[in-house]
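2 protein chains.
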Amino acid sequence: MNKDFLYDEIANGIASQIRNGVLKTGDRLPSVRMLCQEHGIGMNTAKRVFLELEAQSLIDSKPQSGYFVSRQRHRELPLPDVSRPSLTANDDEPSELVSKVYANMGNKELTLFSIGAPSGDLLPLVKLKKEIIQATRELGEGGTAYEPLEGNLKLRQLIAVRSLAWGGNLHENDLITTAGGVNALSFCMMALGKPGDTIAMESPCYPGILQLALSLGLKVLELPTHPATGIDIEALKNAIPKINLCLLIPNFNTPLGSCMPEEHKREVVALLARHQIPLIEDDVYGDLYFGSQRPRCCKSFDQEGNVLWCSSISKTLAPGYRVGWIAPGKYKEKILKLKLVHSISSVSIVHEAVANFLKTGKYEQHLRLLRRTLQNNYENYVRAIAEYFPEGTKTSRPQGGLALWVEFSKDIDTAKLYELAIKQQISIAPGRMFTLQDQFGNCMRLCIGLPWSEKLNLKLKQLGSLAKTHYVSG
Amino acid sequence: MNKDFLYDEIANGIASQIRNGVLKTGDRLPSVRMLCQEHGIGMNTAKRVFLELEAQSLIDSKPQSGYFVSRQRHRELPLPDVSRPSLTANDDEPSELVSKVYANMGNKELTLFSIGAPSGDLLPLVKLKKEIIQATRELGEGGTAYEPLEGNLKLRQLIAVRSLAWGGNLHENDLITTAGGVNALSFCMMALGKPGDTIAMESPCYPGILQLALSLGLKVLELPTHPATGIDIEALKNAIPKINLCLLIPNFNTPLGSCMPEEHKREVVALLARHQIPLIEDDVYGDLYFGSQRPRCCKSFDQEGNVLWCSSISKTLAPGYRVGWIAPGKYKEKILKLKLVHSISSVSIVHEAVANFLKTGKYEQHLRLLRRTLQNNYENYVRAIAEYFPEGTKTSRPQGGLALWVEFSKDIDTAKLYELAIKQQISIAPGRMFTLQDQFGNCMRLCIGLPWSEKLNLKLKQLGSLAKTHYVSG
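From first to last, the protein sequence lines stand for chains A and B.
Heads up, the first sequence stops at 474 in UniProt numbering, and the numbers go up one at a time, no gaps.
Heads up, the second sequence stops at 474 in UniProt numbering, and the numbers go up one at a time, no gaps.
If we strip away everything but chain A, and leave its shape as in the complex, we get (with noise of 0.2 Å):
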């Protein structure tokens, strides 16, 4: 066999292992001498495979170590711009993109780049599964009778224990548990906002939460935001007196993935808690940082109950469940009253299961895996978004979550890309969905949360290649 065909066969297997994620950032390679035992090749041929992966930036080689995974695999790409919405609140009608991108949510067909939460092949679906026959199996009357109204105590004692790893140090008395994250941000929302108000958010910001807002009559103000360190500081101190509220996604925001700085954090609670104007915080994605540590959330500087901090499984474990939680503050009457008029009560076997899972220890293993999965699909994304994608592509450089925010140049509508995408059973989400202005027409927001493959590899390739073939212009 020719010996070139040869050490490119080989070569490409290994990136392709690299790719797929079979090998993972930090994995050593196997050496030069066992690579020639292995394919039965001489040592220069052997050598050739580790110098091709070491020019493609896929490996890295340590001194009387060997060879291994690169961590920065890819050319480093530059920063989306800081976002510059227009300094006025409004509540026009969400762009209509929305309610099109949500319609494809559920088609197992494509390829769900829009999606928003991570997909169940990265959950532990055989334990969960156990959870709640066990949970249906213990409770009293099998889960039919309504929970007392703060919700599951097993539950709530467990998320207190796991606020201190963010600075918190809530009691289970600070906690009502809801029917998921986004029932919580409802919750907060009425309890605090009458029709005419307005809330200030990062932008861009979640279509979830500005859908939120308009239903229940707010204007938004959407804030200009930092693609690394979130909301800008100074924005939100001027416009302190056109808000009556203020929701953030501090660590890890969809889409951008920007985490604020604590200082920032500090100073954001301090500002909102002199003006007397209420901070809801959305934390769903606080536990998948990449790094060795898990960021503080605001309400870990909240001296006077003006948080609401609100969470929840769904981002984490199991999206289909619906268990969230609010620690509320000073709010909280308010807030359990709006959850007995609205709700009753939580489903209490799914809230127990969870409860149980979080109990053994197994839910911090799960996150462990679930964090290195994280990361190693963000860095595949942006290797191949390097690779692929039209020259002026800019990417955010989130380190944690589920989102990563990618900026095409002025002449790419992701609009059109996403009609042209769909029609390659690919969907992504136009940066058009993330406000209620007219912005982020050249942006668009890719799940990471989906396990990487050699197909998903692929499908970036052809979206890189339909962005360049049907929109740079010169």
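Accuracy of the hints is not assured; some may be wrong.
It does not matter which identical chain is used: a pair holds within one copy or between any two.
In silico SDA-like pairs for lysine to any residue, Cα to Cα no more than 25 Å straight-line [what the hints assert, rightly or not]:
id, residue 1, residue 2
1, K362, E267
2, K362, S70
3, K154, N238
4, K100, E262
5, K337, A415
6, K394, E138
7, K237, V98
8, K337, G217
9, K337, G196
10, K129, E141
11, K130, E141
12, K194, L216
13, K359, L87
14, K459, A239
15, K154, N107
16, K334, A103
17, K194, S215
18, K100, K129
19, K332, L216
20, K332, A103
21, K337, V98
22, K62, R274
23, K100, L216
24, K100, K337
25, K423, A103
26, K359, K410
Derived by calculation from the structure, the hints in this document are not laboratory data.
Given the coordinates of chain A, assemble chain B onto it according to the supplied hints.
Chain B alone, transformed into the frame defined by chain A:
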């Protein structure tokens, strides 16, 4: 043994079996001859037993057939008055009694006449557990994924089929699932009312519905309501210019137990359609008819899609599962949008389990048994009330449902009765809870969804004594 003692003892034994439900309405009693053999007594003593029970109206004799547990085994009490609320819409805070009474709902030490759902003892808990386990095993991704926005298809198909029983002719696409009945009403009110609008309701009305309306900034117009035939149609006609929305519980309304005649339903539907006022129909009690036929729904007369028919399994099967639905007619898009924005998805495991339970016919079987039990309870309650409660007590005569409305003479204050009763471990729902106005102070609602027992009989006796001793002035 003394004959007098014997006859008394045997009669009391049978009376107790009737009161605690071992012997049910229509059951045949042993013959005179069998009673003689069983107790070793003479024919005359046996006959005295039956005469005594007949005198207490507990049994009837049928010539050539024997003795049967009586259907009319209570003296008929007069009906409560038609309500006469003030005809001004208002948004006053509901009585603080509401939260006081609700706070006791989970207290297992109490006899909860105040509750609005069937007791767990009347539910098919073992069969439901099996369905949950089955659903968890069979659902794709173990139920961790989001459902389609409309909700579980199988469940919607089965509800559509069942709608034939009440004159509906629904298709699965006419239905949207929700997290219980209250969630259904919440979406309807949010979709169709805006702050400052006026919603017309029956008076007295379920406090949860009053609070729901207030929480959305609506004003409530309480309308005169007949304890047997429901809302006063003339009053509704006169109110038309003042209202934007109407919510009715036409079948076995809580707290009155009233059921609108078909002609009233037809007329109300036409009236509201003519004036473009949406009708929210809460039909959670419709399946709990005592007679032989399920009453029709307003929805069955709806030509224009103006009726939003809401129901659930919370009053019949499993309150804690939070499984409800809406047939929203022409308002479907609005409701779907709200469901997406406020809850994203129902909890698929419980919805799938309920769908499977309905599919096997177990639900019809369960309902037949539950209806018989509730009817028997109703008769026992009314008998006990006639026997133990003060002169002048009136009760509604529900032909289905879970609620019995009791009206004392004007000098009895049920808010004070609540305080006295709770000391004896008895919780009632005072009438003042069921209005935003100052009315029904001498009324209360009793739940007939508790399993009948000698203890329950005793608790009603205690309640009657409290009312007699402390309040009847003369």
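Task: Indices of hints not satisfied (ascending) - done: Those not satisfied are hints 1, 2, 3, 4, 6, 7, 13, 14, 18, 22, 26.
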